[in-house]
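Asks: Just so you know, the sequences run in chain order A and B.
Everything in the first sequence is counted per my numbering, starting at 58 for the first residue and increasing by one.
Everything in the second sequence is counted per my numbering, starting at 15 for the first residue and increasing by one.
Take these hints with a grain of salt, some might be off.
The list that follows gives simulated cross-link-like pairs (lysine to any residue, SDA-like), each with its CA atoms no further than 20 Å apart [said to hold, decoys possible]:
#	chain 1	residue 1	chain 2	residue 2
1	A	Lys98	A	Phe165
2	B	Lys141	B	Lys175
3	A	Lys149	B	Ser89
4	A	Lys173	B	Thr126
5	A	Lys123	A	Ala151
6	B	Lys87	B	Thr126
7	B	Lys175	A	Ser143
8	B	Lys87	A	Ser143
9	A	Lys123	B	Asp181
10	B	Lys117	B	Ser151
Anything over 12 Å on all C-beta distances counts as not near chain B; from chain A, calculated [claimed, not checked]:
#	residue
11	Tyr124
12	Met190
13	His203
14	Leu234
No lab work stands behind these hints: they were computed from the structure.
All C-beta atoms, glycine included, are put in the ideal place defined by N, C-alpha and C.
Here are the chains, one letter per residue:
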Amino acid sequence: MWSLTICALVLLVPLVLIRVHSTPSSSKISGGTKATTQVRKLAVFLGSGGHTSEMLAMISSLDFDKYYPRIYIISEGDTLSERKASALEATKTANSGSISKHADAYTFLVIPRARKVHQSLLTTPSTALLSLMHCFYHVTLASTYHRKTFADVLLLNGPGTCLTLCLAVYLNKFLGLPSPRTVYIESFARVRTLSLSGKLLRSLVDRFIVQWPQLLEDGKRGECRGWLI
Amino acid sequence: MRALITVGSTRFDELIQAVFSSSVLTSLSNKGYTTIVVQCGDSTFPYDYLLAHGERAFKLEKEGVLIECWRFKPSLQTEYEQANLVISHAGSGTIIDVLRMDKALIVVPNPTLLDNHQEELASELEKLGHLRSSTTSSLAATIQEFNPSSLTKFPPFDGSKFRNLLDEEMGFI
């Protein structure tokens, strides 16, 4: 049973990547009409350490009454990111309107890491596959069952587990299921070279944002809006 | 004066070992940093046996410097506030936290992390005058010649850039 599942996934992943080249970027959700009162469901991947700090700093500037509900995706064992996200939510709730005070305004989703810090790149494929299966379950199967998208937008800033989340989103697109817009923001720490996640995801995400202009000198896709943190 | 040494959420054996060396401690003492707090993370170093068997922290005195050492705390906010100098790994989170508090900062990039990415940020921010960057082997010398008043203030957080980016993407503006 497991080996069949693994075989199916191993076959599906290349198919997804082939389909990527013929999948046009999905049009913006508003379809030309400016959203005034609607909310957007926000999913945020917290990659631990500096990735979490940067991501929480960026989303702290959002109006939480517009981005609701919120899902914080964290790697197994990363209780520090969970605490930091909870602390941000408490600060925002103290300052904002009634929607954010709702009990289910935010939730946490835990997935296994694709690669641990200092883990050899040789052993990474097997841990990445396990991570992908979890993402597939939450992003693809859950949205099929609930008949709505996992989120309207998924924010990513590394590290490796981002790739498995993105692949799950692409599986959704490949299968014609509702999918979030994906926005990748390269870390402030990356000045001259992209991170491994950045290099791998550059052509897969809807928006690829960098914080230092040198990173776009190669002429490939991406936007620089300066320091976002 | 007080110095804080931090390695962030993982480990940095070389830096902690250098911090406990006589040359670095002598430099710190010469510059007036007679109390230091060392957040050592999961690092391995000659005195780590003092943190075995459930001991959360230890104190010792060496080269005229009083050293307090522990592995992790949920927040370093108080330690940053109390420090006159911060010496840290070149993790972007720590760098931003410390520079936004207008504290003097010396960073030591950790060369063991994937493709030595910490060095890029450290050298770019040093060029902009916001901090000093050092290797573990030149740390004693860097501390000796470091002049905190020569640093340039780091710009404050501007949340509007990201907010506008996402609001545009989501059709709010």
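Asks: Now tell me, hint by hint, if it's right for this structure.
Replies: The hints, checked one at a time:
1. A/Lys98 - A/Phe165: 14 Å, holds
2. B/Lys141 - B/Lys175: Answer violated: B/Lys141 to B/Lys175 is near 24 Å, above 20 Å.
3. A/Lys149 - B/Ser89: Roughly 19 Å between the alpha carbons, so the hint for A/Lys149 and B/Ser89 holds.
4. A/Lys173 - B/Thr126: Judged against 20 Å, a Cα distance of about 14 Å means the pair holds.
5. A/Lys123 - A/Ala151: 16 Å, holds
6. B/Lys87 - B/Thr126: 23 Å, violated
7. B/Lys175 - A/Ser143: 23 Å, violated
8. B/Lys87 - A/Ser143: Status holds; Cα separation ~17 Å.
9. A/Lys123 - B/Asp181: Holds, at about 9 Å.
10. B/Lys117 - B/Ser151: 23 Å, violated
11. Tyr124: Non-interface label on A/Tyr124 violated, nearest chain B Cβ at 8 Å vs cutoff 12 Å.
12. Met190: 24 Å, holds
13. His203: It holds; A/His203 is separated from chain B by about 21 Å at its closest Cβ, greater than 12 Å.
14. Leu234: Consistent with the label, A/Leu234 stays out of reach of chain B, its closest Cβ about 20 Å off (over 12 Å).
The earlier numbered hints that this structure contradicts are 2, 6, 7, 10, 11.
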